[in-house]
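Use the sequences and the hints to build the structure in full.
Going by full-length UniProt numbering, the sequence shown opens with residue 1, and the numbers climb by one from there.
Hints are supplied without guarantee of correctness; some may be wrong.
Label pairs and their calculated CB-CB ranges [claimed, not checked]:
#	residue 1	residue 2	range
1	V260	P11	52 to 60 Å
2	V260	T228	53 to 61 Å
3	H192	T91	37 to 45 Å
4	V260	E111	45 to 53 Å
5	V260	V57	51 to 59 Å
6	P67	K318	26 to 34 Å
Taking lysine-lysine pairs in the DSS-like style, the calculated list, with each CA pair at most 30 Å apart, reads [claimed, not checked]:
#	residue 1	residue 2
7	K318	K284
8	K284	K82
9	K13	K318
10	K72	K82
11	K13	K186
Think of the hints as simulated: they come from the structure by calculation, not from any bench.
Given the structure is predicted, the values throughout are model-derived calculations rather than measurements.
C-beta: ideal position from N, C-alpha, C; glycine also.
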Amino acid sequence: MPHYRRVGEIPRKRHTQFRSPDGSLYAEELMGVEGFSSDSALLYHRHLPTAIVNAEVVEDFRGPLRPNHPLKPRHLRTQDLKWPSGADAVTGRRTLLGNSDVVIGFTVATEPSPLYRNAVGDELLYVQGGSGTVETVYGPLRVADGDYVVIPTSTTYRVVPDGEMRLYVVEATGHIGPPRRYLSAKGQFLEHSPYCERDQRGPTEPLLADGEDVEVLVRHRAGLTRLTYANHPFDVVGWDGCLYPWAFHIGDFEPITGRVHQPPPVHQTFEGPNFVVCSFVPRKVDYHPESIPVPYNHANVDSDELMFYVGGDYEARKGSGIGIGSLSLHPSGFTHGPQPGAAEASIGVDYFDETAVMVDTFRPLELGEAAGECEDSRYAWSWSRRGPNWD
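Spelled out as structure tokens, the structure:
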């Protein structure tokens, strides 16, 4: 849980006069979740954050979803997707999968994105490659390969890549945060948590920009709207609170291991509305003398399992065609497990050099517009090595 942070200039007491050098009042903005009943931050603007001069409908770039029908496991290769030159981290997103709780996309960004605000839910960005700056109304965050970035609902931001930046994007219809079992009643990380406050990075200084008639693309439940603001939204001289964008490097996740194979919940890193996110990182594996380190066959009867492979060599799926940049979808209603021969081959192995981000959803995932473009049609038959398109 993001802890209290103070950035820039703020007055000693909340909701009291705080004036700029020219004597005018700074404008307060309270960003709060769950009404006034949960975490919040209080921001101080040089101009009114309410002053808009235009609003217009924008065509949505997400595209429709289609059911995973016929039901089968899927292998999507983000490395096969194409982007036009000048793509950005917002309008360049390609939709891979989604449901009523979460939309999962991918982009290869080379240009700064427009100013953007997701008013539907929090966003979780994972940097699969490259580096850049996430500029926000709270201040800038430098990010690079392996970083997660949590962007709270209705945060105005843009992504400025240093060159080519590969981003995996999880868009929720609610809030994303650390698993509640790792937090105290007051929100502090507990001793058994695999990461803690020291691993989190938040903005450390304001980001001030000038400008008039500045456009912000806003996602809301009816679609996309382009709002034009009288003044640049990046005019916050200071803020404090417990609600702000923050980054966390996957390498700072401390793996939980055991004598025999541990189930996926030990890898859980975040939770969202009807989904969880897990981090599989390089780690020592099972140390029982008769252990089988790779996963057993399993049927997740209440969830779809989506694994994004981002580093190393994933032992359980060797020989299936999975590679760096691949996603495997193993849906509810299908039993999945290691590649034939992987269980035997793993015996005696004491270390896995693999990095992956897993999203488990509790409603079925449907296929987005980009899925058909990058699907490996042979994957469903990789356990039997028989079936359509198999030769």
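To see whether the hints hold, each was checked on the structure:
1. V260 <-> P11: 52 to 60 Å: Taking Cβ atoms as reference, V260 and P11 lie about 56 Å apart, which means the hint holds.
2. V260 <-> T228: 53 to 61 Å: Holds, since V260 and T228 (Cβ atoms, about 59 Å apart) stay within the stated range.
3. H192 <-> T91: 37 to 45 Å: holds, 41 Å
4. V260 <-> E111: 45 to 53 Å: holds, 49 Å
5. V260 <-> V57: 51 to 59 Å: Holds, since V260 and V57 (Cβ atoms, about 55 Å apart) stay within the stated range.
6. P67 <-> K318: 26 to 34 Å: Hint holds: Cβ distance 30 Å, inside 26 to 34 Å.
7. K318 <-> K284: Holds, because 19 Å separates the two Cα atoms, which is no more than 30 Å.
8. K284 <-> K82: violated, 37 Å
9. K13 <-> K318: It is violated: about 59 Å lies between the C-alpha atoms, which goes past 30 Å.
10. K72 <-> K82: holds, 25 Å
11. K13 <-> K186: Holds, at roughly 23 Å.
Checked against the numbered hints listed earlier, the structure breaks hints 8 and 9; every other hint is satisfied.
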